[in-house]
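There are 2 protein chains.
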Amino acid sequence: MFVLKIGGSAGIDYDLIADDIARLTQEGQQMIVVHGGSALTNEVATALGHPPQFVTSVSGFSSRRTDRRTIEIFEMVYCGQMNKGLVEKLQARGVNAIGLSGLDGRLWEGKRKSVIKIVEKGRRRVIRNDYTGKVEKVNTALLNTLLLAGYLPLLTPPAISYESEAINVDGDRAAAATAIAMEADTLVILSNVPGLLKNFPDESSLIRHIPAQKLDTFMDVAQDRMKKKVMGAQEALAGGLKRIIFADGRVENPIQRALAGEGTVIEVSAGF
Amino acid sequence: MFVLKIGGSAGIDYDLIADDIARLTQEGQQMIVVHGGSALTNEVATALGHPPQFVTSVSGFSSRRTDRRTIEIFEMVYCGQMNKGLVEKLQARGVNAIGLSGLDGRLWEGKRKSVIKIVEKGRRRVIRNDYTGKVEKVNTALLNTLLLAGYLPLLTPPAISYESEAINVDGDRAAAATAIAMEADTLVILSNVPGLLKNFPDESSLIRHIPAQKLDTFMDVAQDRMKKKVMGAQEALAGGLKRIIFADGRVENPIQRALAGEGTVIEVSAGF
Chain A
0 MFVLKIGGSA GIDYDLIADD IARLTQEGQQ MIVVHGGSAL TNEVATALGH
50 PPQFVTSVSG FSSRRTDRRT IEIFEMVYCG QMNKGLVEKL QARGVNAIGL
100 SGLDGRLWEG KRKSVIKIVE KGRRRVIRND YTGKVEKVNT ALLNTLLLAG
150 YLPLLTPPAI SYESEAINVD GDRAAAATAI AMEADTLVIL SNVPGLLKNF
200 PDESSLIRHI PAQKLDTFMD VAQDRMKKKV MGAQEALAGG LKRIIFADGR
250 VENPIQRALA GEGTVIEVSA GF
Chain B
0 MFVLKIGGSA GIDYDLIADD IARLTQEGQQ MIVVHGGSAL TNEVATALGH
50 PPQFVTSVSG FSSRRTDRRT IEIFEMVYCG QMNKGLVEKL QARGVNAIGL
100 SGLDGRLWEG KRKSVIKIVE KGRRRVIRND YTGKVEKVNT ALLNTLLLAG
150 YLPLLTPPAI SYESEAINVD GDRAAAATAI AMEADTLVIL SNVPGLLKNF
200 PDESSLIRHI PAQKLDTFMD VAQDRMKKKV MGAQEALAGG LKRIIFADGR
250 VENPIQRALA GEGTVIEVSA GF
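Residue numbers (numbering that gives the first Met the number 0), protein chains in the order written: chain A, 0 to 271; chain B, 0 to 271.
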């Protein structure tokens, strides 16, 4: 069993990915799919007069400023258009997909950050009405029930807080939490780059292999959105996963290529 | 077991309805909930520059003109904001709700109308690129799996065509199909009126009781959106349901009141 994360950035080819999921499931491969929707959320939020804002945490990570109106727009895009569009693509290819958010059946539960500390124009600031958090509990019973009944679970943020509020969580890290909880052997993360690049955005500088125990030293190499993917990989390794692959979501057979070792393969080697 | 349909018109109080669902499920009452999202879809479609259009069929029913862009907006609102907003409200009240569309696991499958025949300014016209249809098959195995595991299924259009396209289906009739397939004893339909009104919109003209065998004669009384509710009730009766209740979704304890007989009760009487 493996977990597949499909990014939400521009350029990712969802038809090619759906083709590949169909091929793999026909071969009997079991998987859980997690997807994003960031680029489309930015478009819709702008069209609805509530343009996206991004903040940088004091630890240097960028994230979406998520007020209550943003959560609604986020749900429209992630749980509505993106999730149902992907379910439709998969059903059309004979894959019996079921789309769920982290709210449904408390699939992804976690703590809402009561305050977030950001840096704005070099100054520290505290934001209190943000709806973000981190997945701490995965409803594996629900996922196992669906898998056993022959469905492919297609999961998307938001998650649910312990106080039952919808919270924006990072999709890569939610996928890592899911892979750990389900004891998956591999986590494949498809985005609009071929993997971790030594000199971003030079795609020829792809780093092909990272031994698990050396991943920490690559955090500084990761730029922009790749930072959270590396963090997700660190969490996945800490949780017992043996292999994480960052690969290209713009090509044919993207999942099969990733599983065959194309992209950046982060692996626990035999001795560890 | 009963099926509850919550309308999508302005005025319906979703907090009061969620309170009542929580009370009933705490008492051990099992139910499946279906919801709409029409009013909010109109707002969002207008804000996104694709304002809603309604067409009147040659048989006199009004329905939403549903091109492919409308399906996307429809999914944003019904499956995104509305469905997840309601899941959140229910989870906050201790109800373990799972929101699904008719696409998920092919929950609601049916035929897409390849052409729709409409009347426009007194003239007949044919529309070919519409994505509408009717639920003909309900995935009862999936619903039973979720109910057995202790979840409350919260269902919403669109449905899925046999060719795996998302199709707009009427929520009242989808609820009726669900009630029939699940062999529910009662279908409760909450909207922003107290029930079927003899002189619409005069709320004091509520029709309190309709024997099942006389329902046909009330089709002419039904105005506007109530027409499809009456049609849903006819289909539910034809499918073996014993009781359909049209009731007010704007009041406290709306479901308990409906089940106690407030609203318009359409019933198969003892002799039939």
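Be aware that a few hints might be false.
Restricting the straight-line Cα-Cα distance to at most 30 Å, the calculated cross-link-like pairs of lysine-lysine (DSBU-like) are [claimed, not checked]: (1) A:K88 / B:K110; (2) A:K133 / B:K88; (3) A:K116 / A:K241; (4) B:K88 / A:K112; (5) A:K116 / B:K227; (6) B:K120 / B:K227; (7) B:K110 / A:K136; (8) B:K112 / A:K88; (9) A:K197 / A:K227; (10) B:K136 / A:K88.
Note that these hints are calculated values from the structure, not bench results.
#### Entry: Ascending list of hint numbers which this structure does not respect
When the structure is compared with the hints, numbers 3, 5 and 7 turn out to be violated.
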